[in-house]
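Residue numbers (my numbering), protein chains in the order written: chain A, 276 to 388; chain B, 276 to 388.
Read the hints as simulated data drawn from the structure, not as lab findings.
Mixed in with the good hints there might be a few duds.
A pair counts as met if it fits within one copy or between any two copies, since identical chains are not told apart.
Computed list of lysine-lysine pairs in DSSO-like fashion (alpha-carbon distance at most 30 Å, straight line) [stated by the list, open to error]:
no., residue 1, residue 2
1, K339, K315
2, K315, K353
3, K370, K315
4, K370, K291
5, K377, K353
6, K353, K299
7, K291, K353
8, K353, K287
So you can see what is in the structure, the chains are spelled out below.
Number of protein chains: 2
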Amino acid sequence: MNDEDVTFSKLKPNYKLWLEFDGKYVFGPGAYAIMNHVLKKGTLTGVTESTGMSYRYAWGVIRKIEATLGVKILVTFKGGPSGGGGAKVTDFGLKLMQMFAKVQGGFDRASEV
Amino acid sequence: MNDEDVTFSKLKPNYKLWLEFDGKYVFGPGAYAIMNHVLKKGTLTGVTESTGMSYRYAWGVIRKIEATLGVKILVTFKGGPSGGGGAKVTDFGLKLMQMFAKVQGGFDRASEV
Chain A
276 MNDEDVTFSK LKPNYKLWLE FDGKYVFGPG AYAIMNHVLK KGTLTGVTES TGMSYRYAWG
336 VIRKIEATLG VKILVTFKGG PSGGGGAKVT DFGLKLMQMF AKVQGGFDRA SEV
Chain B
276 MNDEDVTFSK LKPNYKLWLE FDGKYVFGPG AYAIMNHVLK KGTLTGVTES TGMSYRYAWG
336 VIRKIEATLG VKILVTFKGG PSGGGGAKVT DFGLKLMQMF AKVQGGFDRA SEV
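This is chain A alone, in the form it adopts within the complex (with noise of 0.2 Å):
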């Protein structure tokens, strides 16, 4: 290889993606991460050490995308198997997931060039 194709070579595609609702940002990364967390852990606990955001600033995170959707994305309950409650992923928070997840693996795909 010459020298132009050794830096070509160094090129890599990079992306940051998000879904919009009406053309307004609602749903990004960060809000995946602490779905995924709830998604495997049946709670919102431990959310700090899994993706670096507070646990209050979580919540906040997906409190704003029901409010601009209107819709429910994740549940909290009371007592259950081990008595201190826990968190659920709704059915429409798990076609937001989804859709997102779908979306970002094309964009892994179309970057590997």
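With chain A held as given, fit chain B onto it using these hints.
Frame of chain A, contents of chain B only:
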């Protein structure tokens, strides 16, 4: 469609794409627009009308990329048929544009959800 389906149908992906060199931002949509202008017109004259960037700013964008990469992506020349000189995208500049356009095309297809 119920209300949630209507809401879901209004969600659309959007993105920002750029190229990185050794992990550092180097080339984005603004630079692509400048180079596309030169490709079509053979000069940087008129770049403000087509991109909204001033002539001086547009040159600054190109020079910064060239400084980062250590490779020329645009060259200027004097004379020519009109006698007024012009600008030309280098072979390396073309490869850069092609890489960006190819990934962008993949992103646009992946966004059609």
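Checklist entry - Looking back at the numbered hints, which does the structure fail to meet, lowest number first? => result Of the numbered hints given earlier, those the structure breaks are 5, 6, 7, 8, listed in rising order.
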